[in-house]
Amino acid sequence: MKTILASLAHLDRMDETLDAAIHIARQNDGHVIGYYPIPGPSIIVYATPGGDFPVDDSVKRLYEKHLPEAKEKFEDRMRRSGIKYEWRQEERFEPRLTKAILEHGREADIIVMAHDGPGSKYASDEVSFIADVVLGAGRPVLVVPPANGKVFKADKIAIGWNASRESCRAAFDALPILEKASDVILAWVNPEKNPGKAGKLPGAELAAALARHDVSVTVKGVSNRNRTSKAIMNMVTEDDIDLLVIGAYGHSRLRQQILGGVTEHILKNLPCPVLLSN
Amino acid sequence: MTRPIKTILVSLNNSQFFENNMAMAMQIARQYDSHIIGLYVVPSAIVYAAPYGYGGPINFTEMNRFYRGKASGVEDEFNDFIRRESLEGEWRLVNSLGHFIGDAIIEHGREADLIILGDDNSIKTDLQFESHIVQDTGRPVLIVPNTTRKDFRFKKAIIGWDGSREAARAAFDAVPLLQMSQKTEVTCFNAHKEREISGDVPGSELASSLARYDINAEAICEKTRKSISQALMDRAETGDLLVIGAYGHSRLREDIFGGVTNKTLTEMPCPVLMSN
Chain A
1 MKTILASLAH LDRMDETLDA AIHIARQNDG HVIGYYPIPG PSIIVYATPG
51 GDFPVDDSVK RLYEKHLPEA KEKFEDRMRR SGIKYEWRQE ERFEPRLTKA
101 ILEHGREADI IVMAHDGPGS KYASDEVSFI ADVVLGAGRP VLVVPPANGK
151 VFKADKIAIG WNASRESCRA AFDALPILEK ASDVILAWVN PEKNPGKAGK
201 LPGAELAAAL ARHDVSVTVK GVSNRNRTSK AIMNMVTEDD IDLLVIGAYG
251 HSRLRQQILG GVTEHILKNL PCPVLLSN
Chain B
1 MTRPIKTILV SLNNSQFFEN NMAMAMQIAR QYDSHIIGLY VVPSAIVYAA
51 PYGYGGPINF TEMNRFYRGK ASGVEDEFND FIRRESLEGE WRLVNSLGHF
101 IGDAIIEHGR EADLIILGDD NSIKTDLQFE SHIVQDTGRP VLIVPNTTRK
151 DFRFKKAIIG WDGSREAARA AFDAVPLLQM SQKTEVTCFN AHKEREISGD
201 VPGSELASSL ARYDINAEAI CEKTRKSISQ ALMDRAETGD LLVIGAYGHS
251 RLREDIFGGV TNKTLTEMPC PVLMSN
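Here the protein sequences line up with chains A and B, keeping their order.
Each residue of the first sequence is one higher than the one before, counting from 1 in my numbering.
Each residue of the second sequence is one higher than the one before, counting from 1 in my numbering.
Don't read these hints as lab results, they were simulated from the structure.
Treat the hints with caution; some may be incorrect.
Which residues of chain B face chain A? A partial, calculated answer using Cβ under 7 Å [as the list claims (entries may be wrong)]: (1) K6; (2) H35; (3) Y67; (4) G69; (5) E205; (6) D214; (7) S229; (8) A231; (9) M233; (10) R235.
Across the chosen pairs, the derived CB separations fall in these ranges [what the hints assert, rightly or not]: (11) T237/A to G73/B: 52 to 60 Å; (12) E69/A to Q27/B: 46 to 54 Å; (13) N190/A to G73/B: 39 to 47 Å; (14) R80/A to A23/B: 45 to 53 Å; (15) E238/A to M63/B: 48 to 56 Å; (16) D29/A to Q27/B: 40 to 48 Å; (17) G149/A to Q182/B: 16 to 24 Å; (18) S182/A to M63/B: 45 to 53 Å; (19) K70/B to S182/A: 46 to 54 Å.
All C-beta atoms, glycine included, are put in the ideal place defined by N, C-alpha and C.
In isolation and in its complexed conformation, chain B is listed as follows (with noise of 0.2 Å):
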């Protein structure tokens, strides 16, 4: 029994991301004959108060002009990849009402299966665009990573489990791409530190849980010395997939990531699910 992905909605604003975006989107929509959402925000101009009034005029329609001019480069470019590999997509073009086009990417992600974002590990700063997100729409993120490499078969993937309703959020959400990889391990480390759970051996209810969908999953458990978070992105350095819940503490609609969260996404040795 599948449990199909029939909707992937593709964030397009940055073009860098576009290649891996869309060959990741390609690969999960070959599987389960998805139809794929190409998205473009077009944000709305931010008037900055100053001293002396407002910040110096802005020219709106000049910069409307401007992403407007972008996008359709990017529509092009869409429509070219959907009717060359012969999927099935729709080009979605919107104004965001704010400057943050997150919040336009949460309102139409939450009509789809799974959301597929970009991320440039070079950027340390946008953590808050993505952990905003994930917050907030209830759906699984994937995060790819802006790498060389273009093939992103699924041959293992690694569950970070602690027991947490986060990380049950993940990996439940996670079944569609598990069943994708040939192999699936449910990893804990320092399982005699962690207060929810239990078990002999922790996450081996999980793994039969995910057996039952027909995934090849084993749990693992480890000590370390490291951090929690070193070990996993060590972990992460041999698999094609990371799967792990997102902590996030909301302080006054600044959402902040926890401590493991905000380092995979700095380092992103592979691609990455997020669920929360």
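Pulled out of the complex, with its shape left as it was, chain A reads as follows (with noise of 0.2 Å):
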């Protein structure tokens, strides 16, 4: 992972998305853009004598007000982490910023991203937009939640696994980030619900892969009664899991990305850093 871009659309959460890139880079040695989109006015239709249409460009200014501040606060975190870097700012047309982050994304190696978790004002909104983010890049991305007061690391790294397309493509593009990985778990929930795919020994052709990478895998079944998202969720703070690697399922319903429900569920909690890959 080379090429890291933080997307600093969400302007409160700057120092997580920078520090989840700065850890990442410095593993890798890489190159951090900070990528900072200013979103244009949204138009508000309805119907005035006049015939012109209001514009709101609130937000617009909100993003142009913060400009200076935020590219001041990168470039001397940057500086003074001593990694390579590039400060990216784009005036765009549209007011959603779905698509900047996606043109920019798709020639990224990864995509680190902030997210407000569970009690934010915006969840199910905010949960839409990465969802558009995560099934439309084609690159692996990075959701990091509120960091009150911890600090990011990627020591101990779950995998949801199931032998589906999609968690494949997740364990694969995590594999950069698991090299450097001190404990690394590969949960299967009820694997004795799947018995064709999970065969007798659930996720051992995926560990002996990994372990051709130099990556030791401890393999965990997670039994659970009711919803496979709370399994996950239960273990993440049982084990203290500091990132959970797992794919997203989406379906694309006329241009509206919609996630599958255990993806969902755990993005509305985020209950860590999340990466997820499609």
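Taking the hints as your guide, dock the two standalone chains into a single complex.
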């Protein structure tokens, strides 16, 4: 992972985004792109006698106001950490920033973005925004929750595995991070429910493939009577996991990307930083 | 910094492709010290329904014996090859649950860094096989043409770039192969018509991302009056590896490839790396 695109579109969570980006860049001798998109004005459409459309550019002005401060903060942190960096700001036409992040993110190794997690006023709106990025990027996306005093690290990593195309993507996309981790757990929720795919030793083949990359893996079956997402979240808290790697399931319903149930539930609650891939 | 290919899965069901597939696998394995899995899938019989019951008696044992006999021939050849070239390899013979052997390739391919398939451009009806595997494994698939050329050194690699999700997948999945090639071109045709592309020179950001892996990459943007697929084919004539994203529309399990992807697979001017 040489090129890391840190999306600074979430103005309040810049510190968390940069912490994660710097951590990954340091591991791989990488290059961090601080991407600051300025959204365009949104046009409010309702019939007015004069026939003109009122334009709401309050968000745009907010982003413009924060720009110098954000740039200074980014450059200051990067200079102090001694990592190669690049500041990229761009004025967009559209109010929604999905396309902006996709266009730039597709040409980078990984996209890092922040998310408010549970309790946020805009949580469900944010989840649909992240869904668009994850399902459209074709690159792994690292979603970082509010730090709450914790330092970003990736020593103890759990991979959510069920032998599907998506979980396979996520596991291999995470390889450069897994190689540096001290502890990697390959977790399969209720493998006994899927004997055809799981085989006698669920996850053994992937463990062998990862071992050829010098990643040693602990294979773990997680039993849960309730929901798969609940089981994964319990594991994260019980085992004190630093980073969760999961495949993102999605359906495209006429350009609107909709996430699968487990993925959406985990994103809404976000117990720790999550690396998603599709 | 390298991103090595450590596990290569080679599909060996068609003995016609054995030599080319193994030559390709060997070249990559030499570079990255990889483990080669030779996979042979025994298809199961299909029983056709007919108006008067079923389509006649099928000799299951005879069929099984036929395929196993063929497989053991390939196994000997594979083991000889591995020993002769002193590589690290593993032979896998599996029974397929259905008649479609692709499902077994997908399942075993999920644990590989790269899947190698052979292609015969004389068979134009078999695209569904490849499309299904590319769409469903989530791993990069390298398709080797059945040419008389046995030397697969990558001098020039060509990436078909249009700023899409699939193209991004393919480009980064190809990094280990691009590191083996002397020169890489990020090629974009008629960028002014594409909606999802940014920057003054499309693909220049990708070229600099690749350059950080010590890949000698260059972004090239061209306008053409030919169809994109034709222009890309003409380009690929001069290269040794073509990297493209595989577009697919899944219509109720039947995977249908996009136009450029289809054209590439029917003409196959050089080995093609596909990803989705």
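Could you work out which of the previously given hints the structure breaks and list their numbers from low to high?
Going through the list in order, the structure violates hints 3, 4, 6, 7, 8, 9, 10, 16, 17 and respects the others.
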